[in-house]
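Undergrad: Each chain, written out:
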Amino acid sequence: MPSATPFEPEECAALEVSKAPGDFLSGQSICVSHAVLPQAGEDSFSLRTHARGGYLCVADGCGGLGSRRYARMGERTGAYLAARLVTQEVERLHQSLFPLPAGREAGQALCVSLAALLSRKLRAFEEEHSGGRQVRIVGRMQRALPTTLCLLLMENTARGLDCLFLWAGDSRGYLLDFQGLHQLTADHTSLRADAMESLYRDLPLTNVLSAQDAFFISGRRVRVKGPCVGIVATDGAFDSLPNPMEMEWLLLSTLHGSSDPESWKRKLHNQLAKIVSDDCTLQLALYGYKRFEELREGMEGRRLLLQKQFITPVRRRKADLPFARERWLAYMPTYDWTERTAQGEPDWRV
Amino acid sequence: MEKYRLTYNVDMVFCIDATGSMRHVIDLVKQNALSLYEDITRAMEKKHKVISRMRVRVIAFRDYVADGEEAMLSSDFFVLPDQAEDFYECVNSITAKGGGDIPEDGLEALAYAIKSEWSQEGVKKRHIIVMWSDAPTHELGHGRIAPWYPEGMAEDFDELSLWWEDEQLGGSMDENAKRLLIFAPDAPQWSRISQEWAQVIHVQTVSEGLEEVEYQQVLDAVCNTI
Chain A
1 MPSATPFEPE ECAALEVSKA PGDFLSGQSI CVSHAVLPQA GEDSFSLRTH ARGGYLCVAD
61 GCGGLGSRRY ARMGERTGAY LAARLVTQEV ERLHQSLFPL PAGREAGQAL CVSLAALLSR
121 KLRAFEEEHS GGRQVRIVGR MQRALPTTLC LLLMENTARG LDCLFLWAGD SRGYLLDFQG
181 LHQLTADHTS LRADAMESLY RDLPLTNVLS AQDAFFISGR RVRVKGPCVG IVATDGAFDS
241 LPNPMEMEWL LLSTLHGSSD PESWKRKLHN QLAKIVSDDC TLQLALYGYK RFEELREGME
301 GRRLLLQKQF ITPVRRRKAD LPFARERWLA YMPTYDWTER TAQGEPDWRV
Chain B
1001 MEKYRLTYNV DMVFCIDATG SMRHVIDLVK QNALSLYEDI TRAMEKKHKV ISRMRVRVIA
1061 FRDYVADGEE AMLSSDFFVL PDQAEDFYEC VNSITAKGGG DIPEDGLEAL AYAIKSEWSQ
1121 EGVKKRHIIV MWSDAPTHEL GHGRIAPWYP EGMAEDFDEL SLWWEDEQLG GSMDENAKRL
1181 LIFAPDAPQW SRISQEWAQV IHVQTVSEGL EEVEYQQVLD AVCNTI
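Chains A and B are the protein sequences, given in the same order. Okay, so the first sequence: first residue is 1 according to our numbering, each after it adds one. Okay, so the second sequence: first residue is 1001 according to our numbering, each after it adds one.
It should be emphasised that the hints constitute simulated quantities derived from the structure, not laboratory data. A hint or two may mislead.
[What the hints assert, rightly or not] In silico lysine-lysine, DSS-like type, Cα no more than 30 Å apart, as pairs:
#1 A/274 <-> A/318
#2 A/318 <-> A/290
#3 A/318 <-> B/1049
#4 A/290 <-> A/308
#5 A/318 <-> B/1046
#6 B/1115 <-> B/1049
#7 A/318 <-> A/308
#8 A/274 <-> A/308
#9 A/274 <-> B/1046
#10 A/267 <-> B/1046
#11 A/267 <-> A/318
#12 A/274 <-> B/1049
#13 A/225 <-> A/267
#14 B/1115 <-> B/1097
#15 B/1049 <-> A/267
#16 A/290 <-> A/225
#17 A/225 <-> A/308
#18 A/308 <-> A/267
[As the list claims (entries may be wrong)] Not the full set, but computed from the structure, chain A residues with beta-carbon under 7 Å of chain B:
#19 63
#20 64
#21 67
#22 117
#23 136
#24 137
#25 139
#26 140
#27 142
#28 202
#29 277
Ideal Cβ positions, reconstructed from N, Cα and C, are used throughout, including at glycine.
Take these sequences, add in the hints, and give me the full structure.
TA: Here it is as structure tokens:
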């Protein structure tokens, strides 16, 4: 096997700080990745952010579907390799994904062409490395090189931050602004379930990238007119939490005690390492804030409200799932932007 | 928050072909059945996933026409680790004998397994059937001429497929929790199941058991979906 090094994601938080006067934070990014089993994590990522935009990208190799091991790749699993192949390919071609498509039809075409490119990449790798080995393990629970993907493309313009989320599977894209955390992507699962229900229903994925079956990539574009944080995450970052409100609390409670992006990253990593039971990757990109304090202090009111109305009451009655669901229903209109947003046009999905 | 962990209830039903042709591998299968429980538990612990309750049931099957009342033997669920000794004793009591012609009544065993009293408790659960056989299967209902053939069995393969695919028809198997793991040859009915049924892994065995790499692949596939 060639060295495993080319398949390791680079150490993250490559910060390219904007030099634009009065907009010092735009383009700073944070990446936190944690593997339950060191050296065997099936998450991968890549990112490039700068003042004018960039991208965040996470992929979560599907360990159950992709447990087949590749002898010529050091007995790595298909899930491990697929996630890395996809994030590397996105890194290679990300410049060709800009400028962002202006309308629904162009967006649809981008989704189709990106799916075709990634499919070709995975199939070529599979052909090269399966090596004529006799297939002895078959069935619909086994696929060649299966992985999820969530890619956030961003263009920072005078009109606002244009965001295009592209995804397959259950890796998610979010925006965080002064109103709170908003989920923009809808998981590809066997039933449409909201974020709370999906924590407890354990629904099978119906669409993931693979070298074997056809797949599609969904797209969602929004324009954010104020300061915001773009976020992508693999399921380990939110599935280990008891309810979706805790995801926002994780972000805001760690932001509260941070003095700069680096300390926010450390606190996020420490907190995630304590609670997650799966590999997890979380990436954030900051846009529109002049100083870190502006972000932290601007979110303080939201943090206090979240704590008072949702976090403390639910934690006090931690065994009371119906009560947690009741609080979730009150929280959901702010959080769930999978169908609509509070932002103006352009806002389209494919 | 640090102490929050989702826990899993895992039910497993082991269907073991106990006909004479299995004589040279039955000890290996029994060993696999015993170690699979231990290996899954260990792998889950390594991933910091907590199994709050594990139950295992055993079904030994042969051929209704050839083996009379010993064609289908089944246990209740054993709760592990509390009833581990009973479980080991049950598995070790299985002997390979009988079977008549080459195909066996593996589909009837599968039907019994699907209709088990699966646990409905717990936030997250897994309902796993593991099938070991060295033979193809008869058509479902082949043994109907035998007086001890069970009432209420699926009429044919299509009905059995509905039992697997449809939660309403299949009894208490949870649609999202179910998994079927088959260790059997590339024979028509087994291969049809692996092609058509959801949530199935078919290890197409050709000789004595699995190589280490393949066993690890199967273990990963099962554990990573828990």
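Undergrad: Determine for every hint whether it applies to the structure shown.
TA: Hint by hint, here is what the structure shows:
Distance check on the hinted pair: residue 274 of chain A and residue 318 of chain A sit about 18 Å apart at the alpha-carbon level, within 30 Å; holds. Taken as a hint, the residue 318 of chain A and residue 290 of chain A pair is broken in the structure, with Cα atoms around 39 Å apart against an allowance of 30 Å. For the hint linking residue 318 of chain A to residue 1049 of chain B, the alpha-carbon distance of about 20 Å falls within 30 Å, and the restraint holds. Taken as a hint, the residue 290 of chain A and residue 308 of chain A pair is honoured in the structure, with Cα atoms around 28 Å apart against an allowance of 30 Å.
Annotation: proposed proximity of residue 318 of chain A to residue 1046 of chain B holds, straight-line Cα distance about 26 Å (limit 30 Å). Restraint check: the Cα-Cα separation between residue 1115 of chain B and residue 1049 of chain B comes to about 27 Å, which is no more than 30 Å; the hinted pair holds. With a C-alpha separation of about 15 Å, the suggested pairing of residue 318 of chain A with residue 308 of chain A holds against the 30 Å cut-off. Distance check on the hinted pair: residue 274 of chain A and residue 308 of chain A sit about 23 Å apart at the alpha-carbon level, within 30 Å; holds.
A threshold of 30 Å between alpha carbons decides the hint, and for residue 274 of chain A with residue 1046 of chain B the separation of about 15 Å falls inside it, so the pair holds. In summary, the hint linking residue 267 of chain A to residue 1046 of chain B is supported, as the alpha carbons are separated by about 24 Å, within the 30 Å threshold. For the hint pairing residue 267 of chain A with residue 318 of chain A, the CA-to-CA distance comes to about 24 Å; that is within 30 Å, so the pair holds. With a CA separation close to 13 Å, the supplied pair residue 274 of chain A and residue 1049 of chain B stays within the 30 Å bound.
Between residue 225 of chain A and residue 267 of chain A, the direct Cα distance comes to roughly 28 Å. Compliance with the 30 Å bound is thereby established for this hinted pair. For the given pair, residue 1115 of chain B sits about 26 Å from residue 1097 of chain B by alpha-carbon distance, which is consistent with the 30 Å threshold. Distance hint between residue 1049 of chain B and residue 267 of chain A is fulfilled; the C-alpha atoms sit about 23 Å from each other, no more than 30 Å. A threshold of 30 Å between alpha carbons decides the hint, and for residue 290 of chain A with residue 225 of chain A the separation of about 15 Å falls inside it, so the pair holds.
This hinted pair checks out: residue 225 of chain A and residue 308 of chain A have alpha carbons roughly 28 Å apart, not beyond 30 Å. Pair hint residue 308 of chain A plus residue 267 of chain A holds up; C-alpha atoms about 22 Å apart against a cutoff of 30 Å. The closest approach between the C-beta of residue 63 of chain A and any C-beta of chain B is roughly 3 Å, which is under the 7 Å cut-off, so the hint is satisfied. Interface hint status for residue 64 of chain A: upheld, as the beta-carbon distance to the closest one in chain B is roughly 4 Å, under 7 Å.
Hint on residue 67 of chain A holds. Least Cβ distance to chain B is approximately 4 Å, under the 7 Å limit. Because the closest C-beta pair between residue 117 of chain A and chain B is about 27 Å apart, greater than 7 Å, the hint is violated. Against a cut-off of 7 Å between C-beta atoms, the interface hint on residue 136 of chain A holds, since the closest Cβ of chain B lies about 5 Å away. Given the 7 Å rule on beta carbons, the hint for residue 137 of chain A holds: about 5 Å separates it from the nearest Cβ of chain B.
Look at residue 139 of chain A: its Cβ gets to within about 4 Å of chain B, closer than 7 Å, so that hint holds up. Residue-level restraint check for residue 140 of chain A holds (minimum Cβ-Cβ distance to chain B is 6 Å; threshold 7 Å). Nearest Cβ of chain B to the Cβ of residue 142 of chain A: about 6 Å, under the 7 Å cut. The hint holds. The beta carbon of residue 202 of chain A is positioned within 7 Å of a beta carbon in chain B (closest approach about 5 Å), and the interface hint is therefore held.
Given hint, residue 277 of chain A at the interface with chain B, holds; its Cβ is 5 Å from that chain's nearest Cβ, closer than 7 Å.
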